[in-house]
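Bring the two chains, given one by one in their own frames, into a single complex with the hints.
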Amino acid sequence: GQQLNQSPQSMFIQEGEDVSMNCTSSSIFNTWLWYKQDPGEGPVLLIALYKAGELTSNGRLTAQFGITRKDSFLNISASIPSDVGIYFCAGRGTSYGKLTFGQGTILTVHP
Amino acid sequence: GAGVSQSPSNKVTEKGKDVELRCDPISGHTALYWYRQSLGQGLEFLIYFQGNSAPDKSGLPSDRFSAERTGGSVSTLTIQRTQQEDSAVYLCASSLDLQGPSTDTQYFGPGTRLTVL
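Going down the list, the sequences are from chains B and Y.
Numbered according to our numbering, the first sequence spans residues -11 to 99.
Numbered according to our numbering, the second sequence spans residues 215 to 331.
Bear in mind the hints are in silico, worked out from the structure with no lab data behind them.
Check before you lean on any hint, since a few could be wrong.
Residues from chain B shown here face chain Y by an in silico Cβ test under 10 Å; the list is partial [stated by the list, open to error]:
#1 Y23
#2 P31
#3 G85
#4 F89
Examples of chain B residues lying across from chain Y (beta carbon under 7 Å, computed) [claimed, not checked]:
#5 F0
#6 E29
#7 G30
#8 T82
#9 K86
#10 G90
#11 G92
Negatives, chain Y to chain B, calculated, CB over 12 Å [claimed, not checked]:
#12 E228
#13 G230
#14 E234
#15 E282
#16 V288
#17 R295
Computed from a predicted structure; not experimentally measured.
Think of the CB as a built atom: it goes at the ideal place given N, C-alpha and C, for glycine as much as any other residue.
Next comes chain Y alone, as it looks inside the complex (with noise of 0.2 Å):
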């Protein structure tokens, strides 16, 4: 497809469980984000990729997470013995690039929501 594809689209798993997510970029951007979104709230910055680099991981919570991308494209986002607080909406968002106005413009995925039990 034309935009960003995130799986799974929902994620039910057990406190302590591994969870991986996944995100699809448009093609030919070479940035790509992660942000996760809690119940009412906005978004909050998680980790961006630069190609296959991660200049900024600032956002990530806890070295329970991390966030690897091969190839220039699919990302994966993996949580580690999860917790009930890490239940949320992680979205994804790509860009052509971080070049300056315009080409960073960041288009979102439909998310992946995650319930830890």
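Here chain B stands alone, though its shape is the one from the complex (with noise of 0.2 Å):
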């Protein structure tokens, strides 16, 4: 079945640095998405994505979306401690419904 992998797992970082996560497929998505949870939360979409090659920004947030379609990746630009929580990518495939979702990648902002 499909599978995504996500790195890093987790991230120690000073607050104002910039971070970037990754997400890679061994199959082909057609969208692809990052969300983040916060403890006890579900997860809250930050970006979406639906074409090869689409690169999109919210607010300090910006995502590609792979040309090859098996890859997408998160930056967080000049972090701040609300930032704390867990990053997920997920990806849908040729049939809709069901997502894939990556590991997840736990970031942490030291003030």
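Listed below in structure tokens is the structure:
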């Protein structure tokens, strides 16, 4: 079945630093999504990508849909303490409905 | 409210008992999804509904798990004869529909944390 490898598993950074995380897939995806999850909450959608090569920004967040359709990255610029949480990538293949999720990146920001 | 809601937020049960978890999707959303998240893990797809029908039940772990949706809105996930390995957070999501890019973007509820003793 489809698998997503998300890296890094965790990051410890200083406030103000930039962050980059990525996901790679063993197969092609038609949609890439990035979610953030805070403790005790459900994942919240950050950015959605629908076309290969697409580069989309949402405030300090920027994400790209890889040209091969098998990868995506998320960048966070000038990190702040409230960026702390778990970031998940998710992909949708050729079948509608099911999302495949990465294992998550745990982000810790030191003031 | 405007978002996906789930109830209960927490459920503690004894091994062997049945449990029902409820999801209220965003108003007007025709597609509804169930996922399971074990401690420190990513989300595992269980089942999705388009209207009241479930085209893909491939993720249900065993025949102890079932789900239904009535009136194209509320959905219930039922776990019979619960086992300790069923302990997890059960997340529900909804999307406007399944017709294509952007309209199938999934929005999640806060989840139900199930603990089986």
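**Q.** Restraint outcome when B:G30 is required to lie within 7 Å of chain Y by C-beta distance
**A.** Given a least distance of 4 Å, the restraint on B:G30 holds.
Q) Any CB of chain Y closer than 7 Å to the CB of B:E29? A) holds (6 Å)
Q: May I ask you to test the interface hint for B:T82 with respect to chain Y, counting a Cβ-Cβ separation under 7 Å as satisfied?
A: Check failed: Cβ of B:T82 comes no nearer than 12 Å to chain Y, outside 7 Å.
Q: Confirm or reject the statement that Y:G230 sits farther than 12 Å, beta carbon to beta carbon, from all of chain B.
A: The assertion about Y:G230 holds, with a minimum of 27 Å to chain B.
Q: Return the status of the interface hint for B:G92: holds when the least beta-carbon distance to chain Y is below 7 Å, violated otherwise.
A: holds (6 Å)
Q) Just checking, Y:R295 versus chain B, shortest CB gap more than 12 Å? A) Per Cβ check, Y:R295 is outside 12 Å of chain B; nearest 26 Å; holds.
**Q.** Supplied contact hint for B:P31, tested at 10 Å Cβ to chain Y
**A.** Constraint on B:P31 satisfied, holds at 5 Å.
Q: So, B:F89 near chain Y? Judge it on the closest CB pair being under 10 Å.
A: This hint holds: B:F89 lies near chain Y, its Cβ roughly 4 Å from the closest one there, short of 10 Å.
**Q.** Distal placement of Y:E234 relative to chain B, Cβ over 12 Å
**A.** Correct as stated: the minimum Cβ-Cβ distance to chain B is 19 Å, above 12 Å.
Q | Y:E282 remote from chain B - nearest C-beta pair above 12 Å | A | holds (17 Å)
Q. Looking at Y:V288 again, its CB stays over 12 Å from all of chain B?
A. Given that every Cβ of chain B is farther than 12 Å from that of Y:V288, nearest at about 17 Å, it holds.
Q: Please verify that hint: B:G90, Cβ, nearest Cβ of chain Y, below 7 Å or not.
A: With Cβ-Cβ at 6 Å, under 7 Å, it holds.
Taken one by one, the earlier hints fail for this structure at numbers 5, 8, listed in ascending order.
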